[in-house]
Amino acid sequence: MIEVKELSKQFGKKVVLDGIDVQFPKGKITSLIGSNGAGKSTLLSVISRLLAQDKGVVRVDEKDIHAYKNNVLSQRLSILKQSNHVRLKLTVRELVSFGRFPYSQDNLTAHDRQKVDTAIRFLDLQDIENTYIDELSGGQKQRAYMAMVVAQDTDYLLLDEPLNNLDMKHSVQIMKTLRRLANELGKTIIIVLHDINFASHYSDYILALKDGKVRYYDTTERIMNERVLEDIFGIPISIIEFNDKKICNYFN
Amino acid sequence: MEKVTGDKAKLWIAAGALVAVIALYLFWQMGGSWQFALNLRYVKVLAILVVACCVAYSSVAFQTITHNRILTPSIMGFESVYLLIQTIVVFVYGDNTYRVLSDWGNFAISIIGMVGFAFLLYLLIYKRGKDNLYLLLLVGVVTGILFNSLSSFMQLLIDPNDFFIVQGKMFASFNKINRNLLGLASVIMLVTLYIGVRLARYLDVLALGRDQAINLGLNYNRMVQLFLALIAVLVSVSTALIGPITFLGLLVTNLTYELFRTYRHRVLITACCLVTGITLLGGQFVMERLFNLSIPVSAIINFAGGLYFMYLLLRVRKI
Chain A
0 MIEVKELSKQ FGKKVVLDGI DVQFPKGKIT SLIGSNGAGK STLLSVISRL LAQDKGVVRV
60 DEKDIHAYKN NVLSQRLSIL KQSNHVRLKL TVRELVSFGR FPYSQDNLTA HDRQKVDTAI
120 RFLDLQDIEN TYIDELSGGQ KQRAYMAMVV AQDTDYLLLD EPLNNLDMKH SVQIMKTLRR
180 LANELGKTII IVLHDINFAS HYSDYILALK DGKVRYYDTT ERIMNERVLE DIFGIPISII
240 EFNDKKICNY FN
Chain B
0 MEKVTGDKAK LWIAAGALVA VIALYLFWQM GGSWQFALNL RYVKVLAILV VACCVAYSSV
60 AFQTITHNRI LTPSIMGFES VYLLIQTIVV FVYGDNTYRV LSDWGNFAIS IIGMVGFAFL
120 LYLLIYKRGK DNLYLLLLVG VVTGILFNSL SSFMQLLIDP NDFFIVQGKM FASFNKINRN
180 LLGLASVIML VTLYIGVRLA RYLDVLALGR DQAINLGLNY NRMVQLFLAL IAVLVSVSTA
240 LIGPITFLGL LVTNLTYELF RTYRHRVLIT ACCLVTGITL LGGQFVMERL FNLSIPVSAI
300 INFAGGLYFM YLLLRVRKI
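Residue numbers (numbering that gives the first Met the number 0), protein chains in the order written: chain A, 0 to 251; chain B, 0 to 318.
Because the hints were derived from the structure by calculation, they are not lab data.
Just so you know, these numbers come straight off a predicted model, no measurement behind them.
All C-beta atoms in this analysis are idealised placements derived from N, C-alpha and C, irrespective of residue type, glycine included.
Errors might be hidden in some of the hints.
To give a feel for the contact side, a few chain B residues facing chain A, derived at Cβ under 8 Å [unchecked claim]:
hint : residue
1    : N214
2    : G216
3    : N218
4    : M222
5    : L225
All chains should be built: construct the whole structure from the sequences, respecting the hints.
Okay, structure coming up:
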């Protein structure tokens, strides 16, 4: 379980996170939503130790993340940020192999190779596994990085807007992959999403941030309420029910 | 798998070429007293190889941790720091410099000063978590100019005779290699390079960027500090041995990236050492034997490297 206690973070004078207190349940997908600047990415960065907090603690499996050895934590928790542009001469398979670095560094064992193979298949990258990543489209690159995180095989996956750059087909594909990771392999996934409909369809819980504070945190079912959503995003949103799933229409 | 063997073959070809150049340099037109000629030449070869390894490793590692292919430690002002330190030493001791401070003592001061500069760079750039290429370039240019002006200012104040001591260190030349330092420099280079190559796998990860490096379990800040320190030591060694060759690193790293299309730093660094060795020794051979020393090889390298640097800067928007 990931537990966040009284987390605060300030950039200069701007308070980005203001006393966040949440727990993320194991084996579930939790979406972070909120308008731009609400603190979603910052929260994810602090939980994944990319950013140091000013106050508060983050615990992974009851242990403060800063008490972990670096490579031990990276076997439990992985993070994928939005922008990944490298100019390296690196093939997709080589990139995915980096996911095994916390375990074996650069001496991959047979077990590691098997994990890499699985991750490549999981994200449907077999036909481009030997392509250099600087020759890929934005969506393919995104999936290659996802495969790396899958190969890292951590209990917790933190994803910062993984649907950026992706078309509808691949967005749905990625979300379905995440669903499988949670359902079949029991991974805990925390994901920043902009499109409320993706959050509604694929996540178990939704955490809504507003002005650096937790505004709502509940099951998807209960967040998908017109009044709640209007409060979070500040625009009127109407909800249509379709095949038992709620779909938001915010084009009004 | 095919690619790996390709790189291996290229490495062997480069190694063969380096051996050929060394042989050519050592044995070409030895004249009557071959012992005398060999004795002079092997020192140069040794010094050039030490410098080549220093420049190669420091430039490749620096470009990886700063995520660019344009800046090298020399361009970032490491060599200005060296000159500043030398000027300060002469400024303080005057014509007593050689009596007060042994070559080794001077070497030690240079290394300490440059490692200090590396940490200053670290504080200026990495502590804030911004690895912006333009900020980096700006910091490099500004510190370079600052240190150069400080040096010039002190050089104006000192006795003209003392100035010659400084002047001797201002221009790179393989013809006035500091023999006393060669042994020590080789040892320091070998030890640093050994550590550096052992750590090369971390460079592979650092090349993925800060966020990925942390995600994969690296202590990012510690790693950057460590590599900056290694780089500072290597630059001190090469500068103390032959003086500044600003654009050498830029030329050889980019040549290496063109020839070896891999992300593996163990391969890249080995390749870059070989390429630098071939460039320097080959250049030295051509200048010394064919053009009879009319132009120092460092001048040619800086001329070509400077042009290439401008070309890269003009092209940078497209990278």
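Check: How about B/G216: closest beta carbon in chain A under 8 Å, or not?
Finding: holds, 3 Å
Item checked: Restraint satisfaction for B/N214 [CB to CB of chain A, less than 8 Å] -> holds, 5 Å
Checklist line | B/N218 as chain A interface residue, shortest Cβ-Cβ below 8 Å | finding: This interface hint holds because 5 Å falls under the 8 Å limit.
Next item on the list: Return the status of the interface hint for B/L225: holds when the least beta-carbon distance to chain A is below 8 Å, violated otherwise.
Entry: Not OK, violated: B/L225 not within 8 Å of chain A, min 14 Å.
Checklist line | Supplied contact hint for B/M222, tested at 8 Å Cβ to chain A | finding: Cβ of B/M222 sits 10 Å from chain A, so the hint is violated.
Comparing the model with each numbered hint stated earlier shows that hints 4 and 5 do not hold.
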